[in-house]
Amino acid sequence: MDINAPFVVDNNFAINTNIIETNLLNLAVVIALVFFYVGGTLNELLIDRKKIILMNFQEANQRALRAKEGVDQAKIKFEVIKKQALKIRHKASITIQYEKEKVGHGISEDLKILKNLKESAYKLEQKKIKNHLSTRLIQLSLNKVKDKIKLRLNSSNHNILNHLQIILFTNCKKA
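-19 is the number of the first residue of the sequence shown in my numbering; add one for each residue after it.
Just so you know, the hints here were simulated from the structure itself, not pulled from any lab data. We put the CB at the ideal spot given by N, CA and C, even for glycine. Each hint should be verified, as a subset may be incorrect.
Unchecked claim - With a Cα cut of at most 20 Å, we get these calculated PhoX-like pairs of lysine-lysine:
1) K103 <-> K154
2) K107 <-> K153
3) K67 <-> K55
4) K110 <-> K98
Stated by the list, open to error - Ranges between beta-carbon positions, derived for each pair:
5) F16 <-> A54: 49 to 59 Å
6) L141 <-> S100: 33 to 43 Å
7) L120 <-> L94: 36 to 46 Å
Based on the sequences and whatever the hints tell you, model everything.
Structural data, given as structure tokens:
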């Protein structure tokens, strides 16, 4: 039997076993069978895949739109917050300036009060020193007078001394 001879199955149908002659025919038959049996399934798979890809694109577009809206809203909020921050900064600078002026005015008032208190304290201390010196001088004078009187004490000198002390006492009260 010849390898290249056709194989007859029926009088009407024969298979050519010559590889070189039948290669294109076999390929055509195999491809036709594949397209016939697998083509519908493959077509459905491709259509399903196309739908999935289109849905993914649509979802991606929707996510992109939502993201863009979110970014736009964030920009708007940022601008609003930026304006509020500027207002707060402006109010803070005005408040700081007002407080500086208020503190400066308060310090100058406090300095005036302190100066007046210092002058009053100085005058009071001078008066106390004058009173103390006056009292001390009077006591020393009286002690000297007492010592002299003790040396020359008699009733007429005693009356003069009493009158002198009364005069000195009244003068001391007036001052």
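We went through each hint and held it up to the structure:
1. For the hint linking K103 to K154, the alpha-carbon distance of about 18 Å falls within 20 Å, and the restraint holds.
2. Proposed proximity of K107 and K153 is supported: the alpha carbons are some 14 Å apart, at most 20 Å.
3. Pair hint K67 plus K55 holds up; C-alpha atoms about 18 Å apart against a cutoff of 20 Å.
4. Simply put, K110 and K98 have alpha-carbon atoms about 18 Å apart, close enough for the 20 Å limit, and the pair holds.
5. Taking 49 to 59 Å as the suggested C-beta distance range, the pair F16 and A54 conforms, at roughly 57 Å.
6. Taking the beta carbon of each, L141 and S100 are about 40 Å apart, inside 33 to 43 Å as hinted.
7. A C-beta distance of roughly 38 Å is found between L120 and L94, which places it inside the suggested range of 36 to 46 Å.
When each numbered hint is compared with the structure, no violation occurs for any of them.
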